[in-house]
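Participant: This is what each chain is made of:
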Amino acid sequence: MTASEAEEAFAGTGTDARLAEEALIVDVDGYEGPLDLLLTLARRQKVDLRQIPILQLAEQYLRFVEAARKLRIELAADYLVMAAWLAFLKSRLLLPPDPAEDGPSAEELAEHLAFQLERLEAMREAAARLMARDRLGRDFFARGAPEMVTVSRRTRYSASLLELMQAYARLRTRDEFRPYAYDRSDIYPLESALERLRGMLGHQGGWADLAQFLPPGWRAAGPRRRSALASTFAASLELAKQGRVELQQADTFAPIRLRPANRGGSGPA
Amino acid sequence: MSGNETQAGEQAEEQVGAQPPGLFPVPPMAEQERMVEAILFASAEPVSTAELSRRLPEGCDAAEALAHLRSRYAGRGVTLLRVGDSWAMRTAPDLAWLMHSEQLEMRRLSRAAIETLAIIAYHQPVTRAEIEEIRGVAVSRGTIDQLMELEWIRLGRRRMTPGRPVTFVVTESFLDHFGLESARDLPGLRELREAGLLDSRALPGTGGPEDDDGMEPPEGQSELFED
Amino acid sequence: MSGNETQAGEQAEEQVGAQPPGLFPVPPMAEQERMVEAILFASAEPVSTAELSRRLPEGCDAAEALAHLRSRYAGRGVTLLRVGDSWAMRTAPDLAWLMHSEQLEMRRLSRAAIETLAIIAYHQPVTRAEIEEIRGVAVSRGTIDQLMELEWIRLGRRRMTPGRPVTFVVTESFLDHFGLESARDLPGLRELREAGLLDSRALPGTGGPEDDDGMEPPEGQSELFED
Numbered sequence: 599m600t601a602s603e604a605e606e607a608f609a610g611t612g613t614d615a616r617l618a619e620e621a622l623i624v625d626v627d628g629y630e631g632p633l634d635l636l637l638t639l640a641r642r643q644k645v646d647l648r649q650i651p652i653l654q655l656a657e658q659y660l661r662f663v664e665a666a667r668k669l670r671i672e673l674a675a676d677y678l679v680m681a682a683w684l685a686f687l688k689s690r691l692l693l694p695p696d697p698a699e700d701g702p703s704a705e706e707l708a709e710h711l712a713f714q715l716e717r718l719e720a721m722r723e724a725a726a727r728l729m730a731r732d733r734l735g736r737d738f739f740a741r742g743a744p745e746m747v748t749v750s751r752r753t754r755y756s757a758s759l760l761e762l763m764q765a766y767a768r769l770r771t772r773d774e775f776r777p778y779a780y781d782r783s784d785i786y787p788l789e790s791a792l793e794r795l796r797g798m799l800g801h802q803g804g805w806a807d808l809a810q811f812l813p814p815g816w817r818a819a820g821p822r823r824r825s826a827l828a829s830t831f832a833a834s835l836e837l838a839k840q841g842r843v844e845l846q847q848a849d850t851f852a853p854i855r856l857r858p859a860n861r862g863g864s865g866p867a
Numbered sequence: 019m020s021g022n023e024t025q026a027g028e029q030a031e032e033q034v035g036a037q038p039p040g041l042f043p044v045p046p047m048a049e050q051e052r053m054v055e056a057i058l059f060a061s062a063e064p065v066s067t068a069e070l071s072r073r074l075p076e077g078c079d080a081a082e083a084l085a086h087l088r089s090r091y092a093g094r095g096v097t098l099l100r101v102g103d104s105w106a107m108r109t110a111p112d113l114a115w116l117m118h119s120e121q122l123e124m125r126r127l128s129r130a131a132i133e134t135l136a137i138i139a140y141h142q143p144v145t146r147a148e149i150e151e152i153r154g155v156a157v158s159r160g161t162i163d164q165l166m167e168l169e170w171i172r173l174g175r176r177r178m179t180p181g182r183p184v185t186f187v188v189t190e191s192f193l194d195h196f197g198l199e200s201a202r203d204l205p206g207l208r209e210l211r212e213a214g215l216l217d218s219r220a221l222p223g224t225g226g227p228e229d230d231d232g233m234e235p236p237e238g239q240s241e242l243f244e245d
Numbered sequence: 019m020s021g022n023e024t025q026a027g028e029q030a031e032e033q034v035g036a037q038p039p040g041l042f043p044v045p046p047m048a049e050q051e052r053m054v055e056a057i058l059f060a061s062a063e064p065v066s067t068a069e070l071s072r073r074l075p076e077g078c079d080a081a082e083a084l085a086h087l088r089s090r091y092a093g094r095g096v097t098l099l100r101v102g103d104s105w106a107m108r109t110a111p112d113l114a115w116l117m118h119s120e121q122l123e124m125r126r127l128s129r130a131a132i133e134t135l136a137i138i139a140y141h142q143p144v145t146r147a148e149i150e151e152i153r154g155v156a157v158s159r160g161t162i163d164q165l166m167e168l169e170w171i172r173l174g175r176r177r178m179t180p181g182r183p184v185t186f187v188v189t190e191s192f193l194d195h196f197g198l199e200s201a202r203d204l205p206g207l208r209e210l211r212e213a214g215l216l217d218s219r220a221l222p223g224t225g226g227p228e229d230d231d232g233m234e235p236p237e238g239q240s241e242l243f244e245d
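Chains as they are written, first to last, in our numbering: chain F, 599 to 867; chain H, 19 to 245; chain U, 19 to 245.
Hints are computed from structural coordinates only; laboratory data are not their basis.
None of these values were measured; they are calculated from a predicted model.
Some hints could be false.
[Unchecked claim] Derived Cβ-Cβ restraints for the label pairs, each shown as a range:
no., chain 1, residue 1, chain 2, residue 2, range
1, F, 805, H, 123, 56 to 64 angstroms
2, H, 118, F, 667, 46 to 54 angstroms
3, F, 789, H, 122, 39 to 47 angstroms
Even for Gly, the Cβ is constructed at its ideal location relative to N, Cα and C.
With the hints as constraints, model all of the structure from the sequences given.
Facilitator: Below, the structure written as structure tokens:
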């Protein structure tokens, strides 16, 4: 979808809806992940979650992600992963089923997503009902002056499971893991790079410099950039091995460029 | 009056010591009820039926005494509540407005903690991965920690699936706090189960490790774990 | 006297905002009795008649409600006791012997003991030498004795290695106390870290002098530990 199409899609929904959409984006930090966002979008359709038109929902989500890009708002990798998955689902739902393809049908995938949304909604309602119950210490009370008759004295030692586990962890991590937790903030793990790269691939057209895929906050020159670059490069090699991207380097020390592998000819290369 | 009572008290103490021996006749039910009443009033925590039986003289029927006591306190300012396998005296919830001087400051739980708690309660025993699957996000650091510190959740059996992940279940303190007789009395539990919303259903055909969850071992199999 | 009470009531009305306004009808006496019952039950201290009047809705008669309540509890397992100008619920004196097992002094386990216990739980069956290797210091006899007395550990099979050292394992009471179904349910290091339990704030007093393993009895004593 191009930017102008996204704009059209927005214009088509009317000013109120558009304002709401922008409010969503501004508020994206307030959402707990893509499922939460999807649920919010679904709720705004004011239909029974069981009847939720997944195709429409997928389009809404993709429009949302597109709009966020347009406003240059960085979305976390998992939002992009979900966008890629929904784009895939959408195309599967629109195309006639391929009899040669095994695995779940698009309808099954859509149904599972609807189930997930309904379950999350149900758990939220259950949580709200639970917290609204009469509660000890707020609505009903235990004996304020419990009686302990002082006749026989027995000492009991108490220790909680948490203390026990922490004691063990302390012992076992005394030596080997001490610097681990601190150094971590300057190391960009390969897993994160992979996740980010996978998520962004769906939205990438032609060749792009590898450096463009670095996460925000890791781009300034220094050890953090080096770590992110190394991990992103390793991740791109991994994806190239899987046949999902193509890599190119014009010359020694020239920028490394990357593009999604041509997946037009269906099936793995 | 008080002189008399004191004397009676001392006498009783001298005679019976910590536990009246079985040589004495079993006290009448009205007396057993008084004893159960005294024990439950004295404790701020729920007392289990087993503990009651241990503390009552030999031959007493704690369950029957409890039933009498429960109907005696029905509708009163203080009522007898069942909490899992235990019993506790608690003030009637409709008088909450009277109790503002007793009210405790409730620690505000994050939305993540509240949802995680509900998921554990309704899906127990449940693994961390399942909680994350339902919420769609990672369980944030400290959430499980906080719920364990509140003693609302504890570790259950390990799941017999690859990796044998630990599971979480809710505790008796959880039931006590929310005024539940048992986890089966969670609000809306039956409707959720009938709607299939408590099933663990994996994404069809993913073939990932999550897929195995659909093949939970039957109850009996957990005994294998004992060895 | 009644003039005094009225005055106290009016004063209270001004002070306490949480009370229902006087527009409501005065609750029936049975209801007033319930309220007094709940207040006395939940209060940590004896409550004076004046305080009761302040907390009850306007127009209530705390003294009368108390009189009703007192006769209701006459001869029960719990009685309404006058303490100076105040009122409290107390176990009937003739049942004092029932309270004996309530008498417990809770003490925290020393760091040495909890670490030793943790190692046994995670590594059972484990020998004394192995425990010492993991802790990096000698295990005092007192520590093992204490854990044995608590019935949290017991002797396991002898190890079939030179010297045939005894091993230690955790007991059923251990599982019971820590709310575990099996020692295998204890989370591993990776799970601890993922659950955010591992690098949560340091335990109070960590590294403090009283926590020091140096406080343990001298090493030579460990030789005394033979069986």
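Participant: Assuming the hint says 46 to 54 angstroms, is it satisfied by the Cβ distance from residue 118/H to residue 667/F or not?
Facilitator: Roughly 52 angstroms apart at Cβ, these two residues keep to the hinted range, so it holds.
Participant: 56 to 64 angstroms was suggested as the range; check whether the CB atoms of residue 805/F and residue 123/H agree with it.
Facilitator: holds, 59 angstroms
Participant: Is 39 to 47 angstroms respected by the C-beta to C-beta distance linking residue 789/F and residue 122/H?
Facilitator: Holds: the Cβ-Cβ distance is about 43 angstroms, inside 39 to 47 angstroms.
The structure agrees with every numbered hint stated previously.
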